[in-house]
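Hints are included, so try docking the two chains, each in its own frame, into the full complex.
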Amino acid sequence: MKCSATSLCKPIAVITFVLLTLLPLILTIQLANANPSAKEPMAPLAAHGTIPEAKQMVSSLYSKMPAWDKLTDQLIQLANSGKMERFPAREMAAAAEQLFIARRDILHLQLMGEPAAVDLMRRLDYSRGHVIHYGRQYGQTQLGNAFKQKYIKQFQKDAPRWAKQQQQVVSLIEAGNFEQANSLAEKMGTERVMIEAFGSLQERDTYWDRSFDIPTMALSDSRLTPFRSKKYREMAQQRVTEQLATIDAFEEATSQLANNLKTAGSTSLSEGQSGGPVEAFKFVGDQWSKTHAALIRAFAISNTFRLRDQNVAEHSQRLHAAAKSVLLGIIDAAADSTTEDSAMQVYAQLLAEIATLDRRCKGSDLATSCRPSLDRYLTRHSTLADKVKAYERGTSEVLRMRREFTQQRAKYLLQSFPTVTSLVDSKTDSTPPMIIAPKELGLTAAKTVLSTSEQILNRTVSCSPVLRITPASPVGIGPFRDHCYVNTTPVAAAKERESLQKSLVVSADHPALTLEAADAMTSAESLEYLNVGGSLANVHLEAYQTRFVSLPDVASVICPLGTLPVLSDRAGSEQTICWRFDLTPQWFQHKYFIVNVNAQ
Amino acid sequence: MKNIICCRWLSLPIGSLVLLCICVGCSKEKLDELASNVKKKSAELASSTEAIAEKAKAASQSAVQTVKENLPSSGSMALQITPPLETSSAEIEIISVDDGRLNVVQILSYNPQNSPSYPRVLLHGTTTELSADTLVGKSLSMDLFIQTTASGPMIASTLEAPVVIQFSRFNTDKNTLEGTLNNATLVQPDNQPVSLSGGTITALVTKGKN
Chain C
1 MKCSATSLCK PIAVITFVLL TLLPLILTIQ LANANPSAKE PMAPLAAHGT
51 IPEAKQMVSS LYSKMPAWDK LTDQLIQLAN SGKMERFPAR EMAAAAEQLF
101 IARRDILHLQ LMGEPAAVDL MRRLDYSRGH VIHYGRQYGQ TQLGNAFKQK
151 YIKQFQKDAP RWAKQQQQVV SLIEAGNFEQ ANSLAEKMGT ERVMIEAFGS
201 LQERDTYWDR SFDIPTMALS DSRLTPFRSK KYREMAQQRV TEQLATIDAF
251 EEATSQLANN LKTAGSTSLS EGQSGGPVEA FKFVGDQWSK THAALIRAFA
301 ISNTFRLRDQ NVAEHSQRLH AAAKSVLLGI IDAAADSTTE DSAMQVYAQL
351 LAEIATLDRR CKGSDLATSC RPSLDRYLTR HSTLADKVKA YERGTSEVLR
401 MRREFTQQRA KYLLQSFPTV TSLVDSKTDS TPPMIIAPKE LGLTAAKTVL
451 STSEQILNRT VSCSPVLRIT PASPVGIGPF RDHCYVNTTP VAAAKERESL
501 QKSLVVSADH PALTLEAADA MTSAESLEYL NVGGSLANVH LEAYQTRFVS
551 LPDVASVICP LGTLPVLSDR AGSEQTICWR FDLTPQWFQH KYFIVNVNAQ
Chain L
1001 MKNIICCRWL SLPIGSLVLL CICVGCSKEK LDELASNVKK KSAELASSTE
1051 AIAEKAKAAS QSAVQTVKEN LPSSGSMALQ ITPPLETSSA EIEIISVDDG
1101 RLNVVQILSY NPQNSPSYPR VLLHGTTTEL SADTLVGKSL SMDLFIQTTA
1151 SGPMIASTLE APVVIQFSRF NTDKNTLEGT LNNATLVQPD NQPVSLSGGT
1201 ITALVTKGKN
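As they're listed, the protein sequences go chains C and L.
Take the first sequence: its position 190, counting from 1, is numbered 190 in my numbering, and each next residue is one higher.
Take the second sequence: its position 119, counting from 1, is numbered 1119 in my numbering, and each next residue is one higher.
No lab work stands behind these hints, which were simulated from the structure alone.
No incorrect hints appear here.
Taking lysine-lysine and the BS3-like style, the derived pairs with C-alpha atoms no more than 25 Å apart in a straight line are:
(1) LYS502/C with LYS1207/L
(2) LYS187/C with LYS55/C
(3) LYS447/C with LYS55/C
(4) LYS1207/L with LYS389/C
Isolated chain L, as found in the complex (with noise of 0.2 Å):
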């Protein structure tokens, strides 16, 4: 699209140049030498102007790059089970009804107020901690539900064994917590068991507005 643009404006000189030409009444001689000139001209034009595009390219690279590294991390999340199962966005709450009970530690890989997308992961549990940071060092036990699409079936932890996700860091620059997945028996509608060989998470930590 740029490259069309700069096309664009260098034909406006060129064309300027033939009519004023024509305009004027020059000697064939005259043409061919305008005419040369005008190609030789060309030739450096593009020349310029593909210094130009490629200047423009790195510098719109590095600006890509400046503002990827400003963005806050929107987390992930890797699952090793049949298919893998990898998610470009994870978030952590944990969310104090502050009336004496436990805390509850939610993991989700989505936004529940937007329009679902898939795949759905919910990483759900309970705790004493009342911050995210503080949970590193910890494992905790959590119930996970995976919608991978919107009609298919669902997996999930059994009441028997849910999963268990050990905390391992908390990313004080990208607001992010660290952890990963044991290995775990999953179970579909069916009752078809999914093993679940490990995971990773790095989920942003986020407080919701009550």
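With the rest of the complex left out, here is chain C (with noise of 0.2 Å):
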């Protein structure tokens, strides 16, 4: 029995220990979806999948490039060292085939709001233009003529069936079944695409352009054209209302706690588990961030869409109100109901729950307004104001020294790290200049992702601030502005915290009593820095609209709590860039020192 026990209990220990050591690589893989970079350049430009076919057919796109990238070499390298009768000719219908039935779906990516679409099709057209060019050609040498000619011998019999197959796209047109009349138009055009690629001028517009692509093709897309877009921007908006709803559910999870904390001293959470004002503070910290990333979604998906008039802005800042409002009230609850005994362990544990999640709003924004209930908190503790008056007295010189300082040593540092944004949309010093990170993708993501990064791999730029996406996570995320974000990994400063620990008078046992402290102490423990200084170590180039509709709840922290990831000088669009930039830390300042990253 005991044997039996042990065998069983080895495997899971192995499997929890694989599963913990794979976490962070889990964590991280969630916010960096598969795009190109510098170290991967050929890499696809991820999907968001609003449309949840979509996924499955970027995919799919991505991975047929490779096989037309070699044939258009091919037929470079042939056609440059005159060897055009040596043109693979089968090779080139059938390619020419996959390529409309590419392009075909390329357009319907770009109806699913997919970005990816952009880069696909910039991709299918070097190789289709180059298997029409050459296919040209060819079908004008004697081998390629006699090539075209056995299709040409076909088509001719085969027109009274495409006579009545074109009869019957117009049937199921009429009928309003226009994806069937799609189907069928598509299936039409794949048997006579070779024409496009091979023909003369004249032949194409005999057997293309007239007998197929103006009356059947393009009838057939002038309708299902605005019905896909239809279908897609209500499954979108569908979307997009499922996200906002997300506002709802926070303020019905969140609306009695204050309430049941006045009154009980205690309050259920979530499903099984209840807790005290500091489980509760901490509940909505996260309820707050997963909504605000439903809200980034709901944004960046309207942004796509075009969907206009759904006010995200409006329903963040409702977001926003509403929970400070509920933490004001946690707050002031338990200034209500904490007993004198654990009156300062709440406080100090209140101060550290707001100090982090301050941190994660713009500008100081939470602290500035818990500051009153903080107070009023005091008020109802006397013993514990005298506490927190001593230790401020005793705290707020050094915390207010040591940060002039550290922001002259930053200020100094700063000087040989220009900032990251700095390099998006700025210019080469070459005749004529080159933009370095362009704000739009003007070429394929590939050629873009390479030429940005051999202008600035290595280079040392700086970025502020660094946050945690979680404890758990190694990841410290520079918030997305001006067309990029920062990936980097924060280092401990085990030195540096121990000094601020004493100047602060702070143990396990005795915790910061100022909200300054907390701060202090809560950033220095979770590795969350003001300014990173390194040097670039990797270049992703993410599409904007895809980084912030596929945003996973984990990694809200890419936008400051109540804020959306809006652009200071356009409006999103398909073809407008994210930068991501890793960055290989040399040092970080905390708001109270500088950690030499090669020191540590």
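Structure representation (structure tokens):
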């Protein structure tokens, strides 16, 4: 029995160990979708999948690109060496058919709001352009003309059948069966697309444009495109509605917390969990962050599908006000329900929670709002109030001096570390000047990322601030601003933290008793910094819309609470880039010390 | 100022005497005699005024001396850096939160409540002692921060080597604690070292109000 229990426990322990080891990696992967980077320039642009089948389509299309690229290279090589008669005609015909369908799928993806479609179309057009260009030249050779004439004879034979099919397409359109009409039209297209590749302009006009493309395909598209567009916009609208509804869920989950705490001293939180004011505060903070992520997604989906009048900014303000109101209510309830014995412990823990959440807000918005409630708490607990006053007198000046000295040190360091945002849209010194990290995709993603990384890899830059995704994840994020965000690995600063602890007379049993001191300690413990300076180790090109439509809840820190990823100079489009710069840190600026990474 | 006021008072009787003579219609001889008397009187009065002024000055100096002796010391610091830094104020406070944690020892050359004046020096450390007088004979590692001007580069002790202050004497009459600073290497924001070749502190012991 003992033996079997042991044998059962071992695999469980191994699995647990493996999962715990991989957890940081899994979390990293969650934020970092596969996208082209300096290290993997040919990687596909990620799909956001608001329309679920888009992900599979994007993946499938990217997987086909290498074969077409290879064929294109082969054609260029043969053409350059004057061996056009050796063009692989059958492969070219097969490719023309595949490229025709792929192009149709990419047009479909555009309606699904996938920015990857822009990159896919650029890559496809490159291959398609070459196949048509060389195919037309090949069709003029003796060998090529013989190859082409076999098809033309077949076209003439098939003409009555095609006429019937064309009628069917028209009937299907009239009946409102646009998808079926499209399927049939595309099938017709695949049977004759080789003439587009190999035919002369005259042949193309006869057998493609006038007999198929204009009367069938274009007709179908004229009805299919608005049909699909409407359908996908409705699906997107549904997704936006779902995301916005999370505010209602937030309000429902949090509306009774303060009352419960006031009357009973504790409250139920999520299913099967309950807690006092500190747990409630943390719970609200977590729910707020999740709802914030949902609003960012709603904003991005609205932008992607050009959905008007969603008022996501208003919803964001509503959430911000609601969350703050609940949090202040929790502090007020704690003031009334906390006993004298635990007054200091609860107060200190609330300070730590406020400070942690405040770093996720813009401009100490939360901390400022909480001060009157904290003062009220102290009014209710006069013994604690005296201790807090003494603590403040003993720590405020040393914090001020530390902060100002650190600011001066950082100012000195920053002289050789320009901000990372200065790279975006900046130009090279070359003639003509090139844009280093463009805001919009003008070439293929691969070419853009290669050109950018060539200019900026190993450059030293800085970014402010650095926040952790979760305490368990090693990733530190420099929030989104001006078309970019930063990924780095914050390091622990044991010596500096110990010195700060000493200045603030903080130990395991004696917590920080002011908001400033709590902010100092929690940020030092969770490795959250005001600034990071380092060298660029990798550059990832992400589509702006995809980044935020598919933002995982855990990564809500990418935008300060209460804000949305609004671009300062334009509305985001499917071509808008969101650069992810991976920084190998050399130093971090904490509010009260500098961490030299090499010295750690 | 005092001399000007004295002269004005003296001019009043002399002026009145001359005016009286004009009014009653005196002879030239009489007038000459009177003028001579007036000159004599003026010289006497001037001499008397100087004596009064001397006496007043002496009295004033004595009063200042007395007040100075009765004023509590505001403390001072002298730090041997380049250039040497002196402050005309220094206060030490032991701050106890009274929850079992160590107490804070804070020496300030300035009042944080007042509008900033420079130089500003802060020494900050912790102790188990509850009052300043019991620090005598003890040495304490403290963080040192110096702001010489509002916007100039600060100077601070390093994490590795806080400054050590040796407390030597508590003056009960003046309520001051005296101490000396050991040599230390301080640092500027650009990491340039600054040598501290010792220093002395006479700090007024204060007890802040909670």
